[in-house]
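Start from chain V and add chains A and W according to the hints.
Residues per chain are reported as follows:
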Amino acid sequence: MDRKRVAGPELSVAPLVEYPRDHKRWTPQDEQRHDTKRQPEDMRPIYLKTGLINQANGSAYIELEKTKLACGVYGPRPGKRTGFSGHGVLNCEIKFATFSCAKRRGHMRDPQEKELSQILSQALTPAVRLDLVPKSTIDIFITVLESDGWGSCVAAAITAASVALAHAGIEMLDLVAGCSAAYIPSGPSIASPTPSATDATNATGPSLAPRIFMDADLEEEKYEQGAIVLAYMPSLNEVTHMLQSGKAEGSIVSQSVEHCVEACNKIYAVMHHALVESVGENK
Amino acid sequence: MSRLDRTRTSPHQLRPFFSSQNLLNRSDGSAQFDFGGSSVLCSVTGPAEVKLRDEKLDKATLEVVVRPLVGLPGVKDKALERNIRETLEPLVLSGLHPRTLVQIVVQTMKDDGSIASTAFNAAIMALLDAGIPLSSILGSVTCTIDSQTNDILLDPTTEELAQAKSTHVFVFDNKASIHAEDKSSMDHDQASSTQESSSAAVLFSDSTGLFTEGEYLECAHVCFKAAQAVHGFIRTAVEKKLLKEYQQTSA
Amino acid sequence: MASEPTNLAISPAFTFSASTFQKLHPLEYFRKFASQGVRPDGRLLSSFRPTTVHYGVITTADGSAMVRMGGTTVVCGVKAEVAEPRLHAPDQGYLVPNVELSPICSSAFRPGAPSEQAQVVSEQIHRVLQESKVLDLKELCIEEGKAVWSLWVDVVCVSYDGNICDAALTSVMAALSNVRIRKPTYEEGVVKVAGVDLLDDENSFRLNLARTPLSVSFALLDTDLILLADPNSAEESISQGQIVITLDETGQLCAVSKVGAASSSQQLLKQCIERARERSQELRRIMNQEQ
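Chains as they are written, first to last, in this note's numbering: chain V, 668 to 950; chain A, 1123 to 1373; chain W, 254 to 544.
I should point out that these hints are in silico values taken from the structure, not numbers from a laboratory.
Be aware that one or more of the hints could be misleading.
Below, computed lysine-lysine pairings styled on DSSO-like, alpha-carbon distance capped at 27 Å [unchecked claim]: (1) V:K802 to A:K1178; (2) A:K1287 to A:K1232; (3) W:K276 to A:K1181; (4) V:K733 to W:K436; (5) V:K770 to W:K276; (6) A:K1198 to V:K671; (7) W:K276 to V:K747; (8) V:K889 to W:K445; (9) V:K781 to V:K770; (10) W:K445 to V:K671; (11) W:K276 to V:K802.
Looking at chain V on its own, in the form it has when it is part of the complex (with noise of 0.2 Å):
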C-alpha cells in the first residue's frame, strides 16, 4: 500500500479484450510487415529534438511514430560518493510512465527499468570523457511516454540520451547511435503467437532462414525468435554495446549487425541535424 500516493483500489486488472472470429490480425505469413509502409530493413521515421526541458543541462525528446521518450541530463554535478574518484560516474535511470504500455505499469522501479538502465549505461559510457569530470555524477533521466516495441525503446533511449548529453556540452568521443532488429520466423507453420518448444521441433521451423526486420513494433515483436540492440558510434565505426537475445544463427546475426550499422548511419544524420538546430536557436 503506497501512503504517499492518492489510494486507489489494492487490485485493478486490465479488461480482457475479446476479438471477433473473423478478426484478422497481422502475422509473420503476411507478405508485408506489419506496418504496411515499411520494407523490413526501414525504420520507422525519428523525430529528435533538443531543449525541452529547460531546467535540465541538456534535453532531448525522440518519437518513433508510436515510441515516445524525453531525455533530462543533469551535470557533471558534484557526486554523491564519499572519497576521490579520478572518473566521473555515468548514472542512469529509465523510467516508463504508468500508461506507456498496454497494461498499466507500477510507479515503482521494477526490474525490467533497472535492467534497462543498466543496458544504457553501458552502452553509453565508452562514448563519454569521464576522466574529465572527476568525483562528478552525470544524471540521465529516461522517461517513456509510450512505448511500442521493447528493442526500439532501447535503442530509442540510447540514441536520446546521446543528443541530450552532447546538448549538455559533456564531452563525448562520438554520438552514440543506437538500433534494434528482430529476427521473425517466416515459416507457415507458425500460426500461434508463441514461440515455444513446438517451433524448435517443428521440422520446417529452423530449416527456414528467418527475416530481419529493423525496428520491430510491438505487434511484430510478439512473434520474434530473437532481436539485437546495436548501440554503434558512426564517426568511429565503433560498437559500444551490443544484445543480442534468442536463437539466431551466426550468419543472420552478422546480417544484422551490418543492417543496424547501416541504419545507425542514417540516424546519425538525424542525430546531427538535431544538434545543429538547437545551436542554431540559441545563437
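Quick look at chains A and W alone, frame taken from chain V:
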C-alpha cells in the same frame, strides 16, 4: 433553526473550547486544543539541532509532522502538514534562531470534524507554551455551507461535513483584529460591518466544494468574527497559565 | 604597485554581471524588475505564459493530453482497469489522480518516493475532482458489487518551470474529456471488452463530466504582497505564499486556497478571483480550440 448537531441551537454557534498546555514533559512545549468532540494534541521541540540538509543560514527551519487518528499518515496529512508549516512560517520570528530546527508534531486525538482548525489552534498554543518567539498569534475556524438549507454552519461536526455543499477553513492572525479595533474606534460613523469585512485579512484559507464568490466572502466574514472568540480564548488560557506559574514560583 | 590603491578607490570593490547578481540575491534581482512593473522573463506581473493543449497524444492510454504552460510540460494519461468496488459503495468506481514529479523535469526533485510537493498537488487535484463532483462515480459501474472501472489518472511532469498546479489540473481535465472506454460485458466474474481497431460511439462510451474545474495560481511575494500570476520556478523559489483559485465554466468557485505569506486583505482575494475568472475563460478557449 436546527442543526444536525443537536447540542447546538444556532448555526453560528461554536462548540465549547477546551485547552490544556504543558501536558508532555519530554518536549519543550505542548498543548491540547478541543472543539467539542474534536481534539488535537500538539508538541513543539526546539530550537534544536537541525539536519545539515535542512539548515537555513539566516533563520530557523520549521518542520511539521501530522499524525492521523488511526493508521499511518497519507497524502491528506501531508497536505495539512504543508498548510500548517507555511502558515506558521511568517508568524514565527525564525530569524532569532538561525540554523536551528523547530519541530511541531500534531496528533489527532478525537475526530469529530474541523480537524484542520483544531490543529492550527493547538499548534499555536504549543508554540506559545514552548516560548518560541512569535510576531502574532492565530485563530482558526471552519465553516460549511449546508447543501439542504444553504446556511453557513460554523465549526461543523463529521455528520454536518458529510452533508455540506462546500467546506471552508480560515485562519486569521490577531494583527488583523487589532487593526479592526483601532479603525472602528477611530471612525464610528462608517458602517462597521463593511469596515470589518474589508479589514478581515486572511492568513490562510482553504475552501473546497461548490460556492459563489459572495458565499465565500460571507463565510470569511462569519469566520473572522468567530475567530475573535478563539483569539480571546487563547489569550485567556495563556494568561491563566502564566499566572499559575508565577504563583507557583513566588510561593 | 602604486597605482593599485587608486584603482580600487575609483571603481567599486565588486561589480557583478546581471546573472551573478541574480544568483546571489534572487529576491533583490526580482524586485528591481518588479519596481518597473515587469518580470525578468519579460511578462507583466499579471500576465500568464503561452499555453497549449494537445489531446490524445498517448495511444496506449484510454485518454490523454499534453499541456504546456511556458516551460512547464505535463502529460496526463488515463488508464481504465477493472477493480472490485468498495464495500460501502458497491456501485461506484474509482477516480485516482496522481502527479509524478520525477527527477527528469528539474534538479529540485530527487529519485525515489514522491516529494511533499507531488503529494500536495495530487491531493489538491483529488479533492477538487471529488468535492466539486466532476464525475458521478456511478457511471463507472460495470456490475454492482462485483466490478467497477478504476480510472488511473497519472500526470507525468516532463519539464518543470513552476505552476505545476494549473498545468496538472488542466491536463487532467483535458485527458478526462478525451477518455473513451470500450463498453464492457460482465459474465461470471470476468469483464470482457470487444477488441476493435476503431473506437466509436457504438462500441465505447465517453465520460459524462458534470463540470470542468480549472485552477489559476498566483504567487505572493512577502512584505508588500506583490501578486504574480502563473509563477515560473525562479519566482516560486523566492515567493512566500500562493493563492490558487479554481473555477468551473459557469464561473462558480470550486476551490480557493491561500497558503503562506502575510495576511492578505479580502480586496486582494477579490482581485485574484477576478483575474482567475478571465484566465480560466481563456484556458477554456484554448482547450476547446484544440479539441
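(request) With a cut-off of 27 Å on the C-alpha distance, tell me whether K781 (chain V) and K770 (chain V) pass. (result) 19 Å, holds
(message) Would the hint linking K276 (chain W) and K1181 (chain A) be met if the CA-CA limit is 27 Å?
(response) Given that 27 Å is the threshold and the Cα spacing comes to 19 Å, the pair holds.
(request) Verify the proposed pairing of K276 (chain W) with K747 (chain V), using a straight-line Cα cut of 27 Å. (result) 24 Å, holds
(message) What's the verdict on K1198 (chain A) and K671 (chain V), does the C-alpha distance respect the 27 Å limit or exceed it?
(response) Holds: K1198 (chain A) and K671 (chain V) sit about 9 Å apart, inside 27 Å.
(request) Take the C-alpha atoms of K445 (chain W) and K671 (chain V), compute the straight-line distance between them, and say whether it is at most 27 Å. (result) Roughly 32 Å between the alpha carbons, so the hint for K445 (chain W) and K671 (chain V) is violated.
(message) Does K276 (chain W) sit within 27 Å of K770 (chain V), going by the straight-line distance between their CA atoms?
(response) 45 Å, violated
(message) Tell me if the straight-line CA distance from K1287 (chain A) to K1232 (chain A) falls inside 27 Å.
(response) Holds: K1287 (chain A) and K1232 (chain A) sit about 24 Å apart, inside 27 Å.
(request) Could you grab the alpha-carbon distance between K276 (chain W) and K802 (chain V) and see if it respects the 27 Å cut-off? (result) At roughly 24 Å apart (the allowed maximum being 27 Å), K802 (chain V) and K276 (chain W) satisfy the hint.
(message) For a C-alpha distance cap of 27 Å, please report whether K889 (chain V) and K445 (chain W) respect it.
(response) 22 Å, holds
(request) Please work out if K802 (chain V) and K1178 (chain A) have their alpha carbons no farther apart than 27 Å. (result) Holds - the C-alpha atoms of K1178 (chain A) and K802 (chain V) are around 26 Å apart, at most 27 Å.
(message) For a C-alpha distance cap of 27 Å, please report whether K733 (chain V) and K436 (chain W) respect it.
(response) 25 Å, holds
Figure legend: structure checked against the earlier numbered hints; hints not met, in rising order: 5 and 10.
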